[in-house]
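For this one, chain A is given, so just place chains B and C on it according to the hints.
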Amino acid sequence: MTAETVIEAPAELEEGFDRRAEQMRLVEAVLFASAEPVEEAALAARLGEGADLRGILDELQAHYSHRGVHLVAAAGRWAFRTAPDLAPLLQRETEVTSRLSRAAVETLSIIAYHQPVTRAEIESIRGVATSKGTLDILMEAGWIKPGRRRETPGRPLTWLTTPAFLDHFGLESLRDLPGVDDLRAAGLLDARPAITTLFSRGDDAALPRAVEDSAED
Amino acid sequence: MTAETVIEAPAELEEGFDRRAEQMRLVEAVLFASAEPVEEAALAARLGEGADLRGILDELQAHYSHRGVHLVAAAGRWAFRTAPDLAPLLQRETEVTSRLSRAAVETLSIIAYHQPVTRAEIESIRGVATSKGTLDILMEAGWIKPGRRRETPGRPLTWLTTPAFLDHFGLESLRDLPGVDDLRAAGLLDARPAITTLFSRGDDAALPRAVEDSAED
Amino acid sequence: MADARGPDDEWSAAPALEPAAEGEPALLVDLGEFEGPIDLLLTLARDQKVDLTRISILALAEQYLAFVEEARRLRLEVAADYLVTAAWLAYLKSRLLLPTPETEEPTGEELAQALAFQLQRLEAMQNAAARLMARPRLGRDIFPRGAPEDLPVFERRVTEVTLYDLLRAYGDIKRRQQKTGPLHLPPVDLFTIEDAIRRVEAMLGRLPDWTRLDRFLPPDWRGGGTSREDKLKARSALAATFVATLELAKAGQLEVRQDGTFGPLYVRRTDTPAAPPIPDKEP
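Protein chains in written order, with my numbering: chain A, 222 to 438; chain B, 222 to 438; chain C, 3 to 285.
Same shape as in the complex, but just chain A (with noise of 0.2 Å):
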């Protein structure tokens, strides 16, 4: 009798852990396959009910954290990618990484620093008007889409970043953003306006009188 139940006890306890070992296989294999990052979702759906998807991930991204290729996560979504430390050995220049332009790499950060942000406020911030080409450029490459309309006069689109954008610069999420934080501690990020009116060429640009005034001269 004792000895039945000591024999049953490894017995279950090896068909769960064979379970879950084949569903780090499933989850392993469905990553490998795709270039593109896969949801979190998507892959519970996979392994049906009850599966510790999470614990599932944390024990493979640990796995490979030391191997040539890691897992990382952007934006609830996970993907195989090579290791960072390798770059310099597998460095190639693609029509990814030409040049973009000092406007649209600018631009692109400001979009990434204070989304949800509108044209005019990315104007403020640069102090330059934007050419029509720059939001073109970056959302063709796919990292900035139209976010919400803002409540204000005008209800102006705003821009945000995509998953993408996360997952092209190698971050899990906004907060991962080099420096935001200490950015946001010193009011870097603030919404306040600055010289604003002056320099926005926007719809919305009203000059200061004195200003306008002087500028008249």
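Just so you know, these hints were derived from the structure itself, not from any lab.
These figures come from a predicted structure and were not determined experimentally.
Hints may contain errors.
To be verified - Calculated lysine to any residue pairs in the SDA-like style (CA-CA distance at most 20 Å, straight line):
1) C:K95 - C:T55
2) C:K176 - B:H335
3) C:K95 - C:L60
4) A:K353 - C:E231
5) C:K176 - B:D403
Claimed, not checked - Pulled a few chain C residues facing chain A out of the computed Cβ check, cut under 7 Å:
6) G38
7) L134
8) R137
Every residue, glycine too, gets a C-beta built ideally from N, C-alpha and C.
What follows is chains B and C alone, placed relative to chain A:
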């Protein structure tokens, strides 16, 4: 003296071990990222003289033999492949991705912007007849649905977008679709080969205001 | 003057105020490398080599005004943005130096603070951009699965259409609509005679003496590029400016001279005090 040799030996060993581990990581990353199976000779060239490529490949193959992904060789070329025994699980659902025809994308955008809109109205906006198949495809994708009939002669059916449409395009509401002005500002109304886009100015266009204004009239 | 700057300085471009060779003007001014007036101000501020929070806004305003003045003296044209900012800074300077009038307008101190904030915020964004672009990037440093296996789609995505595709399609429709209906000429980005007249009139006041016609062309329109479009633009600017000078000559505002067939055209204000003739051949 003896102490020194004792200390030196492990240090060397460790260094050799580290180099080998790094080489293994590189092989792993190269095989992962490569679009084609990789020639053993190409891998050897990557690692440089004196590397134990064969040993590394054997070790990798053994490591992956119980995982969701296998390292396989055919005709002297190496590649990662999902484990064959997982095939039934991976291919359980088969859905085919297809690109939407240009007519379908245009029709969808018109429904999004003009809903509720009848087929005749869509045709008048696009300037060409819409095949019944186009609406079927969009309906099958779950992006459009029939709305109320228009109370005009013939009581034509109108079309609306669905919540799945918003979901797919990452929009919170229809109000967040960029307006025509936004599209123009983002450069999306520009004909690609047209002269204006070829001339797109930098943000710092050193032109007096008057010139710019009249050029945009 | 050769560009003494390395390619790495893109993010910390020093102002192009450099001592020139003997006999040359003391300053080399090029606004082309700045992303607008705030960027120029920031570059000048960095040169003060102190923390941006401790910068002297007054000194900065003076530096900017001197810079723009020099730019105008040498190159004769400065984008409107820069001039508006110059006017604003002149105003700021006066507010900082003169006793505060009893008005509801912001004080000089408040204006200076707003400008300082603007500079810090742009600097923060430029630094953030540099750090962002320095990260390992997908497709250059980090790679996805190179040979994705044809597995079923997990996102219930039937078709591959992006929001960009959708918006681009709608933009195309809108554009086609503009083409049909009443005749609608696509905007052609060429220099008009009206533009040229305004430009020549505005510049005449600052002309020292006989000036070559092509000096009146905006820098972007001088056909520096080799593309067909650049040449077309340059031709339109030259033709418009030529017609503009004829119009203004007819109105008695300026004189035009040419020293020989196909020779360069020179222009000056009619009320220019007599100056020695250009050392070319006699008319």
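Item to complete: May I ask which of the numbered hints given earlier this structure violates, with the numbers listed in increasing order?
Response: none
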